[in-house]
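Order-wise, the sequence lines are chains A and B. If you read the first sequence in the working numbering, its first letter stands for residue 1, the second for the next number, and so on. If you read the second sequence in the working numbering, its first letter stands for residue 1, the second for the next number, and so on.
The hints are simulated quantities; they were obtained by calculation from the structure and are not laboratory data. Do not rely on the hints blindly, as some may be mistaken.
Reference excerpt, derived from the structure (chain B facing chain A, CB under 7 angstroms, subset only) [to be verified]: (1) Leu4; (2) Glu86; (3) Pro95; (4) Ala99; (5) Leu105; (6) Gly116; (7) Thr118; (8) Ile125; (9) Asp129; (10) Gln170; (11) Ile231; (12) Ile259; (13) Met267; (14) Leu278.
Values in this document were obtained by computation on a predicted structure and should not be read as measured data. Beta carbons are placed, not taken as given, at the ideal position from N, Cα and C, and that holds for glycine.
Single-letter residue listing:
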Amino acid sequence: MTRLRPLLLLAGVAALILAPIGQGNYIVYTLCSWLLFSIAAMGLNLTLGYAGQVSLAQAGFMGIGAYITALMTLAGMHWGVAVIASILSSFAVGLLLGYPALRVQHHFLAFVTLAFNTLLFLVLRNEEDITGGSFGLSGMERPSFFGFSTDSNLAFYYFSLVCFLIAAFSMWWILRSPWGRAFKALRENPIRAESLGLKVRRQTLLAFAIGSAFGGLAGALQSPLVQFIEPSSFALMHSLKLLLMVVVGGAGFFFGPMLGAAVVILLPEVLRFTEGYYLIIYAFLVIVLMVYSPNGLIGLGQKLYEKLKPKHEARRDLKQGVQL
Amino acid sequence: MAELLQILISGLAAGSIYALAAVGFTLLWQASQTINFAQGEFVMLPAFFVLIGMTMLGLPMWTSVILALVLSLLILGVAFKRLIVEPMLPHGTLPLVIATIALGLLMKESVKEFYGATAQPFPAIFPQDVYHIAGASVSVQDIGNLVVSMLAIGGLQLFLSRTRTGRCMQASAQNPAVAEILGVNVKRMVLYTFLINATLATIASVLISPIYLAKFSNGETLGLVAFIAAIVGGFNQIRGALVGGLLIGVIDNLSAVYISAQYRSAMPLILLIVIILLRPQGLLGTPEGRTV
C-alpha cells in the first residue's frame, strides 16, 4: 500500500489534468468550484479534524478573500498581489477572532465564529459604498500570467488546479512537519500533549488561523471564477455547507475534504430529478451517515475494509497484559 | 419616557419567548452535552402542527394545540433522543452538531415542501386590545406572552428544585456516574429533559407565531437568538438563559429604535462577542473546568 501511494497520487493528478478535456463549459465550471471548495474545506479540516475546533466562519473567510480580491482587481491591481492580501488578511482576522475565543472552553470558537460570520454578512450587505450591498460586485477580470490569459473556463481550470495542488502540498507539508504532528497529538490526547510541553492554545490558534487563510485563498479564486460576488454567497448557510463537506468526507483524513466537497457539489446534480426534495433527502442522508459512521465516508470505507480484511488475532491473555 | 417604557415592555415580551427556547437549549446541553443547532426549527415546527390540526383536521384551536404538544413530545422529544442523540453520544460532540444542523435543514425544507413557503397567519391566543398606561401603548398580547413564559420558566424551576424527579434530573446532569450509582435512572432523566425541551418549544411556538406569522424559515433567527441568549446568560444555568433571553429581547428592540434598523440584528452578536471576551462563563454562569 505504501509503495503504491506515489503511483496512486500520480494517477490522481493525471486524472485531474485529463478530467475537463472535451467537456462542456458547465462541467468545467463545476470542476473549478469543486477545486476551490476543496481548498476551503482542506483549511477547515486543519481546524476541525486536526486541532478539534469547530469553526462556523469558513465561508466568511472565503468572503473576506473574495471581496478583497474583487476590490483590488477592480482597482487595477494584479491578482497575484490581491491573493497575497486576501490570504494575509484572513490569517490576521483568524488570529484576532481565535485569540479571545480559545482562551476559554473549546466550544466558544464555534459561537464566536458563528457571530462573526453573521456580522460579516450584515456589513457586506449594508456598506453599499464599498461592497455594492446586496447587488454585489461584478466585472472582475480573470488574471493573466506572463501573457497566458485564464479567460477561458479550461484555462481557468488549470490555473485553479495549480493553486489547488500548491495548497494541498502545503497542507501535506504542514501536517508532516513536527509542528503538524503536534496537532495529532493534541487531538488524540490533549493532556499528555500538554504535559510533553506542547503549547496547546498557541497550536490551536495557529491551526485555526492557517485554516482561515486557506479559506481566504479559496475566496480569492472564487472572485475571478464567478466574476460576480454578493453577500449571500458567504452567509452562515455556506459555512455550514463547508462544515458538512469536511465531516461527510471524513474529518481528520487528508483526502476527506476533497471527497466531501465532491459529494456536496455533485449531489445536487445527481438528485436534480427529485426537484424540491433535494435538500430533504440530502439532510436525511447526512443524519444517517452521522449516526452510522461519525468519521464520514472515509471512515465508513475503512470500517468496511477492516471487516473484509483477514485479521491477526492477538492472544487474549497477552492483550490483557499489555494493557496493564 | 413613554416610548422607552413601550420599547421595554415589548422587548421583555419578545425576550421571554426567546428565554423559553434558550432554557430548553441549556437543559439539553446540561443533560446530554447536545448543542442543538436545530433549536430554532424546534420552535418553528409546533406552530405548523397546530395549523395542520386546525385547517386539515378541522379541530378547534385548543384541541390543535394539545395535538401539537403531543406530536412535539413524540417527535422533538422521544424520536429526537432515541434515533439521533442516543446512538451518537459515544462519538463526542462534533458529529452530533453536524447531525442537528442537518436535522434543522430537514425540518425547514420539509415544512417548505409539504406545507408551503409563504408565511401563514396564526390565530392569536390573547385579545388584540391595546391599553394606554402613562402614555405608552401596551398590548394585552405582550403582557400575556410575558406572563405565560414567566409562569412556564418559574414552574420548571420549582419542578427542578422542589420535586424528587427534578432533583434526580439535576443530579444526572451534574454527575451522571454518581447519580447512576445512587440509583437514579439517568437515561430516563435525560429523556425527561428532552420532553421538557419539546414542551418549552411548543409553548414558545404558540406564543411567537401570532406575532411573526408561521413561516418555515422562522427557525433561523430564533435559533441564533436562543443560542446567544443561552451563552450570554450562562450556559449552565436556567436563570442565566432567562436573563439572557430578556436582555436580548430588550437590546434588540432598543437598537431597532435608537441605533439603526439595518444593524439591528448585529447588536446581539456584538453583545455575544463582548460577553465571551469579558465573562466567558456568561453573566450568571459559573465557570466550568477547562477541558483543554
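Now for the hints, and whether the structure bears them out:
With a least beta-carbon distance of about 25 angstroms to chain A, the hint placing leucine 4 of chain B at the interface is violated under the 7 angstroms criterion. About 9 angstroms separates the beta-carbon of glutamate 86 of chain B from the nearest beta-carbon of chain A, more than 7 angstroms, and the hint is not met. The interface hint given for proline 95 of chain B is met, as the beta carbon of that residue sits about 4 angstroms from the closest beta carbon of chain A, less than 7 angstroms. The beta carbon of alanine 99 of chain B comes within 4 angstroms of a beta carbon in chain A, closer than 7 angstroms, and the hint placing it at the interface holds.
Look at leucine 105 of chain B: its Cβ gets to within about 4 angstroms of chain A, closer than 7 angstroms, so that hint holds up. Because the smallest distance between the Cβ of glycine 116 of chain B and any Cβ of chain A comes to about 12 angstroms, over 7 angstroms, the interface hint for this residue is violated. At a threshold of 7 angstroms, the smallest CB-CB gap from threonine 118 of chain B to chain A is about 15 angstroms, leaving the interface hint violated. Look at isoleucine 125 of chain B: its Cβ only gets to about 31 angstroms from chain A, farther than 7 angstroms, so that hint breaks.
With 7 angstroms as the threshold, the beta carbon of aspartate 129 of chain B stays out of range of chain A, its nearest partner Cβ sitting at about 36 angstroms, so the hint is violated. Checking glutamine 170 of chain B against chain A by beta carbon gives a least distance of about 21 angstroms; that is not within 7 angstroms, so the hint is violated. Because the closest C-beta pair between isoleucine 231 of chain B and chain A is about 6 angstroms apart, less than 7 angstroms, the hint holds. Hint status for isoleucine 259 of chain B: violated, given a least beta-carbon distance of 12 angstroms to chain A, over 7 angstroms.
For methionine 267 of chain B, the suggested interface contact is broken, since its CB lies about 10 angstroms from the closest CB of chain A, more than 7 angstroms. Given hint, leucine 278 of chain B at the interface with chain A, is violated; its Cβ is 9 angstroms from that chain's nearest Cβ, farther than 7 angstroms.
Of the numbered hints stated above, those contradicted by the structure are hints 1, 2, 6, 7, 8, 9, 10, 12, 13, 14, listed in ascending order.
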